[in-house]
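Trainee: Listed here are the chains, written in short residue letters.
There are 2 protein chains.
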Amino acid sequence: MNSKRTAFFVSDRTGITAEMLGHSLLTQFDKVHLKEITVPFIDTVDKAHGFVRRVNDTGATDGVRPIVISTLVNTEIAGIVATASALFLDSFEIFIAPLEKELGVKASHAIGRSHSTEDFVNYHHRIEAVNYALSHDDGVSKRNLAESDIILVGVSRCGKTPTCLYLAMQFGIRAANYPLIPEDFSTMQLPAQIKTLRNRLYGLTIKPARLQQIRNERRPGSKYATRDNCEFEIREAEALMRQEGIPYLDATSKSVEELATTILQEAKLERRIY
Amino acid sequence: MNSKRTAFFVSDRTGITAEMLGHSLLTQFDKVHLKEITVPFIDTVDKAHGFVRRVNDTGATDGVRPIVISTLVNTEIAGIVATASALFLDSFEIFIAPLEKELGVKASHAIGRSHSTEDFVNYHHRIEAVNYALSHDDGVSKRNLAESDIILVGVSRCGKTPTCLYLAMQFGIRAANYPLIPEDFSTMQLPAQIKTLRNRLYGLTIKPARLQQIRNERRPGSKYATRDNCEFEIREAEALMRQEGIPYLDATSKSVEELATTILQEAKLERRIY
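Read top to bottom, the protein sequences are chains P and U. The C-terminal residue of the first sequence carries number 299 in this note's numbering, and the numbering is unbroken. The C-terminal residue of the second sequence carries number 299 in this note's numbering, and the numbering is unbroken.
Keep in mind that the hints are not guaranteed to be accurate.
If several chains are the same, the list does not tell them apart, and a pair holds so long as it fits within one copy or across any two.
Said to hold, decoys possible - Calculated cross-link-like contacts (lysine-lysine; reagent style DSSO-like; alpha-carbon spacing at most 30 Å): (1) 167 <-> 131; (2) 167 <-> 248; (3) 167 <-> 220; (4) 131 <-> 248; (5) 72 <-> 248; (6) 56 <-> 131; (7) 131 <-> 29; (8) 72 <-> 232; (9) 293 <-> 167; (10) 29 <-> 293; (11) 167 <-> 72; (12) 60 <-> 293; (13) 56 <-> 248; (14) 167 <-> 232; (15) 29 <-> 248; (16) 248 <-> 220.
These are calculated hints, taken from the structure and not from any lab test.
Using the sequences plus the hints, can you model the full thing?
Mentor: Spelled out as structure tokens, the structure:
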């Protein structure tokens, strides 16, 4: 029976925090197979009762009580959810009491945005940064490169674009990216557009086998995707980055979050979203 | 003194979970001003000792002990961090014991990926989805629209692009977007390219005042950005969406996360990333 247990991540907002925390907790039990279900926007008493019924029905079907990991803010709603036949782990309530004691004030228990000015500013920075990343993807626009916070360089398909977008979405960083291509290797010079911006360049590299795999999915059977070509481009790009004193990271076994967080830290970028 | 207290979000990985949980906890205390600092990649004993020194130095400077919110997985590292002069809230350890009891197995306490196959699959889905969103942004490519999971429609600058990118990054959803433009309103017909895909269309709308503000930042003083034109486009777009039975959301006061999560839920999309 144990192989069919269900874990719910429940929240009165998007559920993304509950899901990230819950998922990383459960990966610590990798021998146990759990079905993970995120349930966002449980923000009324009615929805809370509906969720309790869903949890109880699931437990009856599974033959074992579910796990519920919660970031519910409202105590009345959390109180209803706590009545479900489940292991209820309330990541919010558990920390509110010690924080109230430490800070000497009561928590508001308000669902939603306490900091609406902050949210507006974050929204603005995020949209600006996403637009910036989109219009400076893959060297598309050479304009306003000087307004970037960082410019990622590296061979085609090494992971520059998603890393730029993550930097923009999560941290509000204006990240451009510029490909290093065979033409640059023949001269062993940086492209003219980014040469004068050397102190904001950051490199990504990748293992040839992985690059070959990615490129082959995109352009199967092309010269571009051959092992020889991938090895050549990576070797030359790394040599050029070393020659120019550009720090670089190997993206092969790193997630987009890890790449973005590492670059934020190493390049000492100042984030615009908190 | 209390106005200069510091909160650290510490992790052996990217710190994004710690920061999201910590930030949402602290917004419950909106009268207290805290400086929030995320400290990722504390994954060795040496780094843990360095972090303890930083916390203690900060407390001495602030004149009040910091708050440390942790998702540290490794018990040795967490044990060192716990020796700092701070309120230490360990969101990981606090739930590991009840989960071990419930699941009847011990947690691995391994930093990093327990599920490396899963991570590889997630990476693949995310990159594919991001590439899809980029190549189907703003109606750019009409090819392969039938391969989309969802197609967002709405007037220019109502928030389609960041929502598509968030759907791609967080959930692995292939989200295209297609603008509704004055030409469509004169015929009150959907663009031909998306007409046959009606059951996967989802609309965004926005309040005229907000749209005017956003468009005016982009093209100051243009007709495109006038209040009259914004009101006209929004009214016509909403009428067209109602006529065609396309569900739509008001993006004005919603964050990108809220829009993406709501669409995921309402359109019953099957996410590819967990």
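Trainee: Tell me, please, which holds for residue 29 and residue 248 at an alpha-carbon limit of 30 Å: within, between, both or neither?
Mentor: neither (47 Å within a copy, 59 Å between copies)
Trainee: Measure nothing new, just compare the shortest in-copy and cross-copy C-alpha distances for residue 167 and residue 232 to 30 Å and report within, between, both or neither.
Mentor: within (28 Å within a copy, 34 Å between copies)
Trainee: Using 30 Å as the alpha carbon limit, work out where residue 248 and residue 220 are close: within a copy, between copies, both or neither.
Mentor: Within one copy only: 28 Å inside a chain, 39 Å across chains, cut-off 30 Å.
Trainee: First find the shortest C-alpha distance between residue 29 and residue 293 inside one copy, then the shortest across copies, and answer within, between, both or neither for a cut-off of 30 Å.
Mentor: between (45 Å within a copy, 22 Å between copies)
Trainee: How would you classify residue 167 and residue 131 at a CA-CA limit of 30 Å: within, between, both, or neither?
Mentor: Answer is neither: 51 Å inside a copy and 54 Å across each miss the 30 Å cutoff.
Trainee: When no copy is named, should residue 72 and residue 248 be tagged within, between, both, or neither for a Cα gap of at most 30 Å?
Mentor: neither (56 Å within a copy, 44 Å between copies)
Trainee: Give the relationship of residue 131 and residue 248 under a CA distance limit of 30 Å: within one copy only, between copies only, both, or neither.
Mentor: neither (64 Å within a copy, 49 Å between copies)
Trainee: At 30 Å max between alpha carbons, let me know whether residue 56 reaches residue 131 within a copy, between copies, both or neither.
Mentor: between (41 Å within a copy, 10 Å between copies)
Trainee: How would you classify residue 72 and residue 232 at a CA-CA limit of 30 Å: within, between, both, or neither?
Mentor: Cα proximity of residue 72 and residue 232: across copies only (28 Å, versus 49 Å in one copy).
Trainee: Between copies, within a copy, both or neither: which fits residue 56 and residue 248 at Cα up to 30 Å?
Mentor: neither (43 Å within a copy, 61 Å between copies)
Trainee: As a check of your reading, is residue 167 near residue 220 (CA-CA no more than 30 Å) within one copy, between copies, both or neither?
Mentor: For residue 167 and residue 220, the Cα distance is within 30 Å only inside one copy (12 Å; across copies 36 Å).
Trainee: Can you give me the call for residue 167 and residue 72, within, between, both or neither, at a CA distance of at most 30 Å?
Mentor: For residue 167 and residue 72, the Cα distance exceeds 30 Å both inside one copy (50 Å) and across copies (40 Å).
Of the numbered hints given earlier, the model fails hints 1, 4, 5, 11, 13 and 15; all others are met.
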